[in-house]
Amino acid sequence: MIQKKIYMVAGYNTVSMGTGRSEFNPKKERPGLEQYIQEAGRATLAQIGGAKNVDECVIGNFMAARFNNQSHLAAMMPSIDAGLRYKPSTRVEGACASGGLALMVGIKSVLAGTSEVVLALGVEVQNTVKAIYGADYLALAGWYKNRKKGHAYFFPGEFSDRAKAYSDVYGKEYARNGMASWFKNAIENARLCSTAQEFENTAADLMILGLTVPNGKNFVDHLTVYDCSKVSDGASSIAIVSEEGLKRIGISKDEAIEVVGFGQVEENLLDDPIDLNELTTTKKAVEKALNMAQITKEQLATVETHDCFTIAGILATEAIGFAAKGKGAEFVSNGNTSQNGIIPFNTTGGLIGWGHPTGATGVHQAVTIWEQFTQKAGKAQIAIPSNKPYGLSINMGGNDKTLVAIVYKKQ
Amino acid sequence: MNTNERFQNVSVLGAAGKMGSGILYLNTLYISKLAINPENCNKCYTIFAIDRSQEQLNQLLKFTKSLLLKWAEKNIIWLRTMYAERTDLIENSEIIQAYLQDAMAIIKPSTRIESAFDSHLIFEAVIEDMELKTQILSTIKLNNPHNPWFLTNTSSIPIHILNHEANLEGNIIGCHFYNPPAVQKLIEVIELKNGNSQLSKLVYDFGKDLGKMMVPANDIAGFIGNGFFMRDLLFGIEKANQLKETFSFAESILLIDTLTRDFMLRPMGIFQLMDYVGIDVCQFILNVMNKHLQENIESPLLLELLNKNIKGGQLSDGSQKPGFFTYTKGKIETVYDYDKGMYMPLNELSEKINSHLGTLPENVSWKSLSRDPQKKEKMSQYFSLLAQSKDNGAYLAMEYMKQMKTIGKGLVKQGVTETDENVNTVMITGFHHLYGPINEYC
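Just so you know, the sequences run in chain order A and B. Throughout the first sequence, residue numbering follows the working numbering, covering 1 to 411 in sequence. Throughout the second sequence, residue numbering follows the working numbering, covering 412 to 853 in sequence.
Quick caveat, the hints were computed from the structure, so don't treat them as lab data. All C-beta atoms in this analysis are idealised placements derived from N, C-alpha and C, irrespective of residue type, glycine included. One should not assume that every hint holds.
Here are the simulated DSSO-like cross-link-like pairs (lysine-lysine), alpha carbons at most 30 Å apart as the crow flies [as the list claims (entries may be wrong)]: (1) A/149 - B/596; (2) B/476 - A/217; (3) B/596 - B/816; (4) B/719 - A/27; (5) B/719 - B/763; (6) B/655 - A/217; (7) B/813 - B/801; (8) A/130 - B/444; (9) B/612 - A/27; (10) B/742 - A/27; (11) A/130 - B/476; (12) B/596 - B/429; (13) A/28 - B/740; (14) A/130 - B/778; (15) B/596 - B/473; (16) B/732 - B/763; (17) A/217 - B/454; (18) A/27 - B/485; (19) A/28 - B/742; (20) B/485 - A/145; (21) A/253 - A/145; (22) B/824 - B/650; (23) A/145 - B/444; (24) B/429 - A/130; (25) B/485 - A/164; (26) B/719 - A/217; (27) B/763 - A/27; (28) B/454 - A/28; (29) A/149 - B/476; (30) A/28 - B/481; (31) A/130 - B/485; (32) B/619 - B/824; (33) A/217 - A/149; (34) B/481 - B/596; (35) B/763 - B/722; (36) A/217 - B/813.
Not everything, but these chain A residues come out facing chain B in the computed CB check (under 8 Å) [what the hints assert, rightly or not]: (37) 148; (38) 191; (39) 214; (40) 217.
So here's chain A without its partners, still in its complex pose (with noise of 0.2 Å):
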């Protein structure tokens, strides 16, 4: 049990800028790693009182490196207001948990009382080279002596591989209705969200798309792009605080969420998934917060998980104990984490629906759950029963390497 009361609040996204907004244009310039740190740092800042009010940065993020010749991200938070100079600023990298990272790094800097007010914040912009170039740089979120045998495209070969077993034990008609219904329901969650990179999605028949048969001669062989996260630029923030630190930036605790469990995984990097059906460190990581928080899963009101592939929404629900093993797609199928099921999942769309700037996923989440539990999400509200005042969000880095599972409760 957290000994220490931490809240999150002041939650911020940038729209998640990519193909299906109609103001993207991959030949026009477009805003750059530091436009989008400063839009939503400023964010953040102006709910909070400004810069004065801040102890210490974290930022975290993927492959600046290489999508925008950028590295030293930490010296970007200065840009975001001349008032954090001169205070303490962090990086983090854990691939595309880089921005659960940022939230772990703030969390343990206020348990430590080395902060009273942190400013996390997560960024990704991926636009800049072609798809099947930035492969090759999310590929470095694999182990690098994988990558010549791996795929043209490495990450969605990986959990290509794991949509085959899941097919293989479980039937390909079954697994492919599961993995077409997350998709739906992504999409359908992601209209109701104005920043969200599908909210001007106006297919008719989403089902239809998301049964697709895939052919790995353009693409993989067990998954189409509709089972992908999408390409994304964009960036979110958030501050952690203690409880000096909310009377410090002058809001209520209502208008916050409590951070009361955490549960930050790593598996070695260099072994293959122990079994492919199964996110095997996604369900410790998830253990150890439901445990910390000393709650069980019937408590939550709703989940933020990494659906970086439908399959990983899927296997999700089965490593978080929603659905027994192998029933998960079914579980999906029968709408149980839509708006109105049993446990509305990625309300906003999601990695899928509302988009992936890789570093940026894991603040994103917080926000969503932080927009939930204080009625800011607009169209996306969901109804938030009194006995379930708990949310939770996975944010996973690589094949189910890098994990941080948060549990926040409702104030």
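Here the structure of chain A is known, so what remains is to put chain B in place on it, guided by the hints.
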């Protein structure tokens, strides 16, 4: 010598030209796929890219590389398998760059015809001039000790004439690419009677590997594509002439162009198409056809325009040169008035034209229908409404379409091709028409 061996030394003549550059790219693609296959690692492949200007050849290499890059990016999955044994190449970008290097190394630019004396296959894509073609082909035949096979891109000259004049002993085939060859799917294949059957097989295999649609045409001047297009343009000129009493030259050209584009749902009007191909090129082709066919295929108008140095065609940046029209960003801006010897602004002419033509029976266009999955149904409806319309434009369009059907049927009757379907395929694929001229709409 098998096909693989033949492709080990190829020459492309006129490689820096509009058609030649695409043909060079397709050859580089085809041959590079052989060359990077580990099975062929001990073989040497060469393509001589032959043209007159060193400067244009330098540009050509950049152009070819840019097309190969796009291809490589789309085919990275296959390329990774080809380079699987190269442990030094790990990322997609490294494999793509290695492929580009390997593919470009095959091309040897040359300004000397002598380079072709070593080749086993000769792709000819010089300008549509029979004397020039004959001279080049016979020079190579005389000096090349390998008894090479010839593939000519002529769009009109009978293959048997080239065979005879250049003394090629039956080792020539018509392999007529459409513009731009890199992306246009159509190839018209014109075999000699009693020609080299292995060469025919080589052409069909080559086209199939490149994903092309091959349509056989018989060896009659103009073949299917130009056989149709030339008669189409002559009819367009004739119709414009008939409007002389009521309309100025510029007005009648614009009227027929608008009619053939908007009312007939074509991507461009017949006069714009002449500008696109080049009035000079059209004249070359008309000359060839007129010479070899028992039919009067000529147009004094085109000759007169060429005398005034009005040629159409494109600049090297792809923009249109002045012809019947001048263009801004691909759109017609002014219309040439032969009688006045000057270009007239479009907006001064269009009102009179449009009021004469009347309105379309439905608000559809080539653009709106070209990607519409229900275009067949929508076209049926459009043309049935067009047939019922009393507007001048509708009447003229139906009349024009009937003539197009006559031309199409004529090609089959004259033995240019065996089936109506081949005519329609060429016009749909090669000219981007939404429907073939032999249809049920008229």
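Taking the hints in turn, this is what the structure says about them:
| no. | hint | result |
| --- | --- | --- |
| 1 | A/149 - B/596 | violated (34 Å) |
| 2 | B/476 - A/217 | holds (23 Å) |
| 3 | B/596 - B/816 | holds (24 Å) |
| 4 | B/719 - A/27 | violated (41 Å) |
| 5 | B/719 - B/763 | holds (27 Å) |
| 6 | B/655 - A/217 | violated (58 Å) |
| 7 | B/813 - B/801 | holds (17 Å) |
| 8 | A/130 - B/444 | holds (23 Å) |
| 9 | B/612 - A/27 | violated (43 Å) |
| 10 | B/742 - A/27 | holds (23 Å) |
| 11 | A/130 - B/476 | holds (18 Å) |
| 12 | B/596 - B/429 | holds (16 Å) |
| 13 | A/28 - B/740 | holds (19 Å) |
| 14 | A/130 - B/778 | holds (28 Å) |
| 15 | B/596 - B/473 | holds (23 Å) |
| 16 | B/732 - B/763 | holds (26 Å) |
| 17 | A/217 - B/454 | holds (28 Å) |
| 18 | A/27 - B/485 | holds (18 Å) |
| 19 | A/28 - B/742 | holds (23 Å) |
| 20 | B/485 - A/145 | holds (24 Å) |
| 21 | A/253 - A/145 | violated (48 Å) |
| 22 | B/824 - B/650 | holds (24 Å) |
| 23 | A/145 - B/444 | holds (27 Å) |
| 24 | B/429 - A/130 | holds (29 Å) |
| 25 | B/485 - A/164 | holds (24 Å) |
| 26 | B/719 - A/217 | violated (54 Å) |
| 27 | B/763 - A/27 | violated (40 Å) |
| 28 | B/454 - A/28 | violated (44 Å) |
| 29 | A/149 - B/476 | holds (27 Å) |
| 30 | A/28 - B/481 | holds (19 Å) |
| 31 | A/130 - B/485 | holds (11 Å) |
| 32 | B/619 - B/824 | holds (29 Å) |
| 33 | A/217 - A/149 | holds (17 Å) |
| 34 | B/481 - B/596 | holds (17 Å) |
| 35 | B/763 - B/722 | holds (27 Å) |
| 36 | A/217 - B/813 | violated (44 Å) |
| 37 | 148 | holds (5 Å) |
| 38 | 191 | violated (24 Å) |
| 39 | 214 | violated (13 Å) |
| 40 | 217 | holds (7 Å) |
This entry does not satisfy hints 1, 4, 6, 9, 21, 26, 27, 28, 36, 38, 39, going by the numbered hints stated previously.
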